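Engineer: Chain order of the listed sequences is A and B. Under the working numbering, the very last position in the first sequence is 105; numbers go up by exactly one each time. Under the working numbering, the very last position in the second sequence is 1315; numbers go up by exactly one each time.
Take these hints with a grain of salt, some might be off.
Computed cross-link-like contacts, PhoX-like style, restricted to lysine-lysine with a CA-CA straight-line distance of at most 25 Å [said to hold, decoys possible]: (1) B:Lys1084 <-> B:Lys1103; (2) A:Lys54 <-> B:Lys1080; (3) B:Lys1103 <-> A:Lys89.
No lab work stands behind these hints, which were simulated from the structure alone. As the structure is a computational prediction, the values presented were derived from the model and not from experiment.
This is what each chain is made of:
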Amino acid sequence: MLAVDKNNFEEEVLQSEKTVLVDFWSEGCEPCKALMPDIEALAEVYGDEIKFVKLDTTKARRLAIKQKVLGLPTIAIYKGGEKKDEVTKEEASKENVEAMIKKFV
Amino acid sequence: MEKIYDVIIIGAGPAGLTAGLYAARDKMSTLVLEKEKPGGQIATTDEVANYPGSIENATGPSLVSRMVDQCKEFGAEIEKDNIKEVQLEEKIKVLIGEKETYKAKSVVIATGATPRKLGAPGEKELTGKGVSYCATCDADFFTDLEVFVIGGGDSAVEEAIHLSKFARKVTIVHRREELKAAKSIQEKAFKNEKIGFIWNSSVKEIKGDGMVEGMVLENLQTGELTEFEADEEDGTFGIFIFVGYLPQTGLFKDKLNLSKAGYILTDDNMHTDLSGVLAAGDVREKSLRQVATAVGDGAIAAIQAEKYIDHAFEE
């Protein structure tokens, strides 16, 4: 999974031609780290159709807030430079993320 | 032949991991099932200051990871699965998970509790958008912003102190006139210049389009409503909610004796009303829910499970 930061978010996510899934996470967020292997497993399955990236929000706080992400974990789908869908907090389970992905493949 | 474990423990928080450690150490075949990541509530706790032997700067996750290692070292298996259904009446207990079905001679329920919601309009929609139940997860977003903490117990006040390291200003909103938190924690909060208080008030509504932008508080004595709006420059503020816990006992409704509030009723030896089914930790009806009491429950439950098996499965 590609790690993006505040410098290349625009290019890798907002300007991407492909649909992008962004895993907003941080080192201090235990639920995020618990979820990460599930997202990586989904990347194996859907990686051809959707680009999977992760963003460590501790180094991109303003960017996250600008994207209206103020809670972790948040898994969001971007298409054509816009956030189209997201699941957050306890809704962010492997099943719910996969259900969201299926709307875009 | 399908494996029948001596003990299966549901939940890998401090109670479950301690039960696992004791059971495995007594050479019982032991499986600990966890639906998320081991640790339960302390996995998201920044500081564990009141557990004996947990040294300065010991975090929840570091304590948990030592518990997990110790549990595995004695031979317990820890698996990730979410149990969807339980059959506990028969001698061999059956647990049906998302991944597999498990069988055991005894079951220790250590599913714990999760943070209670306010039930205010806007709360659900704005969770993760300014509304949070996890300071260690989300405090960072509110660096130099304003934050409200709802609640007056230990968790609320401790997390308010934690949040004051990030936020510009922290306001504790409490239903009563005085805090419920331990005196030592209260003192820290009163001394903290960044922390203010709004008494006798509760949250009536949370407002915002995709992000928290406002909040309405109700004074419970006068009925007066006060609206807070995000500072124009900030655009948002944080609402951290710590108003108690809900037991994770949905699986056991109508199967086990539960208290009115939904906690599992046990005897002093952690036995529920079904033989071979025990409960330990926060999920149990008891007077104090702490890591220190959870590990005690876990140890007793494991030893009692062994006694039960010796007796019930005697050749």
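Engineer: Indicate, hint by hint, whether the structure satisfies it.
Structural biologist: Quick rundown of the hints versus the structure:
1. Proximity of B:Lys1084 to B:Lys1103 is assessed by CA-CA distance (about 14 Å); at most 25 Å being required, the pair is judged to hold.
2. The suggested pairing of A:Lys54 with B:Lys1080 holds, with an alpha-carbon distance near 23 Å, which does not exceed 25 Å.
3. Between B:Lys1103 and A:Lys89, the direct Cα distance comes to roughly 32 Å. Violation of the 25 Å bound is thereby established for this hinted pair.
Figure legend: structure checked against the earlier numbered hints; the only hint not met is number 3.
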